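Q: Here the protein sequences come in this chain order: A and B.
Counted from 1, the first sequence has number 1030 at position 167 by our numbering; the numbering is strictly sequential.
Counted from 1, the second sequence has number 1199 at position 336 by our numbering; the numbering is strictly sequential.
Each hint should be verified, as a subset may be incorrect.
Since the list gives no way to pick out one identical chain from another, each pair is judged satisfied if it fits inside one copy or across any two copies.
What the hints assert, rightly or not - Cross-link-like lysine-lysine pairs, in silico, DSBU-like; alpha carbons within 30 angstroms at most:
# : residue 1 : residue 2
1 : 1258      : 899
2 : 1283      : 1158
3 : 899       : 910
4 : 1262      : 865
5 : 876       : 901
6 : 955       : 1197
7 : 1258      : 865
The set of hints was computed from the structure by calculation and includes no laboratory data.
All values derive from a computational prediction rather than experimental measurement.
Protein chains: 2
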Amino acid sequence: MKIITPDNLDAFKRTVDGGTEEQRATVRTILSDVKKQKDQAVLSYTKQLDGADLSSLAVSEEEFQEARSQLDSEDIAILEEACANIRAFHLKQVRNSWFDTDEDGTILGQKITPLDAVGVYVPGGTAAYPSSVFMNVMPAIVAGVERIVMVSPPSEEGTLPAGVLVAAEIAGVKEIYKAGGAQAVAALAYGTESIQPVDKIVGPGNVYVALAKREVFGDVDIDMIAGPSEIVVLADDTARAEDIAADLLSQAEHDARSSSVLVTSSKTLADEVSLEVERQLATLPRKAIAEASVKDYGGIVVCDNLAQAIDAVNRLGPEHLEIQTEDPFMLLGKIKHAGAIFLGRFSSEPIGDYFAGPNHVLPTSGTARFSSPLNVDDFVKKSSVIYYSKTSYEKNADKIARFARLEGLEAHARAVETRKGSDES
Amino acid sequence: MKIITPDNLDAFKRTVDGGTEEQRATVRTILSDVKKQKDQAVLSYTKQLDGADLSSLAVSEEEFQEARSQLDSEDIAILEEACANIRAFHLKQVRNSWFDTDEDGTILGQKITPLDAVGVYVPGGTAAYPSSVFMNVMPAIVAGVERIVMVSPPSEEGTLPAGVLVAAEIAGVKEIYKAGGAQAVAALAYGTESIQPVDKIVGPGNVYVALAKREVFGDVDIDMIAGPSEIVVLADDTARAEDIAADLLSQAEHDARSSSVLVTSSKTLADEVSLEVERQLATLPRKAIAEASVKDYGGIVVCDNLAQAIDAVNRLGPEHLEIQTEDPFMLLGKIKHAGAIFLGRFSSEPIGDYFAGPNHVLPTSGTARFSSPLNVDDFVKKSSVIYYSKTSYEKNADKIARFARLEGLEAHARAVETRKGSDES
C-alpha cells in the first residue's frame, strides 16, 4: 500500500459521481415516459433493460413461499436475529411528540408524525443484499410508516433473489415490485396503475438510480446519494496488523472504487499492515476488485503522533472509522466527522454491516461533515404546535404588532390586533 | 374569494420554481468564476448586480455600532425578547448523545456532534427581515455550531439594513459579509480569501440563490428550497370571519404568489370571510400584492362536514395551519401534514412569525408531507458508536461470518474471523 504523510491527505478526497449529460438525458426520458404511460412504460423498460418479460410487477405470495423454501433454516435464524438487533437499536432513536406549558396558558410543542409511504430501492444482481433490506426498511418500520414498498430489478427469468424476499418478509414488507433503474424511481415518485406513489425514496442504486432520485427530489424526499464505501482505521502500535489488513480488505472487496485507509502514529505498524494486505489479498475470491481498490484508493497515512492522526481522521470524515488504539474510548470525544465509529480490537467493521444493530447506510465522500447514518428521524417529520391563550395574547399582542410594522408588514400587525377585545376561546 | 368544493383541491397544488435554462447557466458561470477568482469575482459581481463598489466584504465593528444607534430602544427590547423566546423553544429540541450497554460488554450508541460551520443567507432589500435572522441563526447557535457566518446583498451605498445587523448581534453573530446572490452561495461553499468555506448553507433567497444552493449541494449541505408562503385556516361556524380574513391577508401580503385558503364546514362562514377579505383589503398598504395573491392563489373550500375538511387539509399539507374550531385540540391528532399548527382564536399566525418561539422557516408547496420546520437537528449530525467486547465477539462471530458469506463477501467474513483466539482489549 502506498504510504503518505498527512500533508497529502487530499489524495483521498472524493466527490460523488454526477453522471454524464447523456445519462442525465436518458433518465429524464425514462421519467417522462413513466409519468405518461405508467405501468406500460415500466414493463417495457424492464423488458428492454433487465431482459425480463413480465405480465405483472408485484411479487406474489407464491414467490415469497418459494424464496423461503430456498433458504437454509440456520441462515434464516441468523437473518431474524440480525433484524431483531437492528430493530432494537432503532427503537432507541424513536422520539415522542412533546409540548411545554406556561402559566399564562401558552402551549408550545413539536408533533412527530411518521411519513405516510416510503419506497425502498434494492439494487439487483450480486449487490442484492438481505442486510441492505433490513437497514433501509427497519428505520421506517420503527418510525411507524404505514406503507413501505420495495422495488428491485428482476433477473432475466423475472425473479428476485430469495435472500432479498426472505429478508423483506422478516422485516415485515410484503408490497414488492419487480422493477429497477430510473423506471422504478419514477413509478415510486409519480405512481402507476399498480404502484401508488410514495413520499420518500431511499436505498442505493447505480448511477441511473442516483440521477433519477435527484430529478424527482422535491416531488418526493430522497435519502443521500451514496458514493463508494470507505474505511479509515486509526491505530497505534498496540494494534494487530493482521486485524487491520483484514478490515481494510473487507471494504476493498466491495467495489474497485472503495477506499481503505490506515492512519497511524506507528511506522512499524504501517509497514506490517502493508505486507499483511499483500499476503491476505492473495487468497481472496474477490481479489481483482480488492486489489484495484487498494491500489487506486487505499493508503497508509503515517503521522508524528496520535493528535496529528486524529486531525487527519477528522479531515477525511470517513464513512466507517475503526479506533484500534490502547484506549479507544479516550479518543471518542475527539472524533468530529465519521459515519460510524468502531471501538477496540473486537469491533471489526463487518459486525456493523450485518448484525450489531446500528445502520450500515452511512454518509460517504466526506459528507459525514454534515450527514448522519440513516435513522428513524429520516422517516418522520415534525410540526410545530402553537397555542396562545387570551392571557398570553393580551400580554404580547402589542409587541408582536410592533415587530410586524418594523418589518413593514401591516397586514401581519392587523391580524394580531383584530383579536383585541374578543372572548376567550 | 373563489369558493370551491374539495373535489377541486388540485387548483391549489404548487410546485417549487426550478428556474429557466438561462438562469441555470448564469448561476453555473457565477459559481465557476467565484471558485477560480474568489474575492475578486465576488466583489466584481457585487458591483455589477447590486451596484455596490466595495473595497472589503466584511461588516465592520463601526457598522454594527451605527446600526444599533439607528434603532429605537423599545424595538431593540422587543427583538431581544423574541430572540430569547426562539432560543428557549429550540433549547427543548436539543438531544444528547446516548449509549446503551449489554451485560456481555457490548456498547452501542449515537454520538451527536454540531456542524463545524454554517452559512446563513439573508435576502436583501425589503425582504431583509430581523425575524429571518433569528429563525435561521438560533437553531444553529443552540445546536452548538461554533462558526456561523451571515451573507446578505448590500444596498448601492454598500450597507446592510440596521435591523438585520442588530438582529445578528442580538443572536450572537458577528461574522457578516456584504455579498448576495449566487456569488455569496459560491463563496460560502468553496471559500475565498476573506470567507472560509462552511459545511451547510441555510436561508431563503431569490431564484438565483435557490439554483446556486441546488448546484453546491453535495459539496455542502443545504436546507430546503422555500416556495411562496401559504396558510390554510380550518374553521367551523364558531370562528370569527374578521379574524380569519385578517390572517389570510397576512400571508397574502408577503408575495403575489402566496396562497391563503380557508377550509370550512360552514357555508355561512365562507360567505362572511369572502366579504371580509374584500373589506380589509381596501385599506392595506400592500394591497396590490395581497389582492393578486388572493385572486390567483386564494380560495375557500366548503366541505360537507369537519371530517371532509380535515381530509382536505391533509391533502394540502400547508406551511401554516390555523385550527379555529370549537375544540381545536380535539383535531390535533388528525392533522398529518402541516409545517406549523396554530390552535384557537388567539393564535394568529403572525405570533409564530415573530415571537412565540417555534421556527418560521417551514416546509412549503406540500412538502410538509415529508419535511419539518428548521430545527436544531438540522445543525447536528449523528455518528453510530459500536463496541464489541471479547465476550460479545465470541458469541456472535460465527453468525456474522456466515451472514457475510451468504452475501458472497468472503473478506468480510475473514475480517470477523481473524480476531479468533486473540486477547481481550
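Q: Now look at each hint and say whether the structure bears it out.
A: Against the structure, the hints come out as follows:
Within a single copy, residue 1258 and residue 899 get their C-alpha atoms no closer than 56 angstroms, and across copies no closer than 54 angstroms, so neither meets the 30 angstroms cut-off. In this assembly of identical chains, residue 1283 and residue 1158 lie within 30 angstroms of each other by CA distance solely across copies; the values are 28 angstroms between and 74 angstroms within a copy. Taking the closest pair of Cα atoms, residue 899 and residue 910 come within 30 angstroms of each other only inside a single copy of the chain (18 angstroms); across copies the shortest separation is 46 angstroms, beyond that limit. Taking the shortest Cα distances, residue 1262 and residue 865 never come within 30 angstroms of each other, neither inside one copy (65 angstroms) nor across copies (34 angstroms).
In the homo-oligomer, the alpha carbons of residue 876 and residue 901 lie at most 30 angstroms apart only across protomers (21 angstroms), although the nearest pairing inside one protomer, at 41 angstroms, exceeds that limit. Within a single copy, residue 955 and residue 1197 get their C-alpha atoms as close as 24 angstroms, and across copies as close as 26 angstroms, so both meet the 30 angstroms cut-off. Proximity of residue 1258 to residue 865 under the C-alpha cut-off of 30 angstroms is found in neither arrangement, the shortest distances being 69 angstroms within a copy and 36 angstroms between copies.
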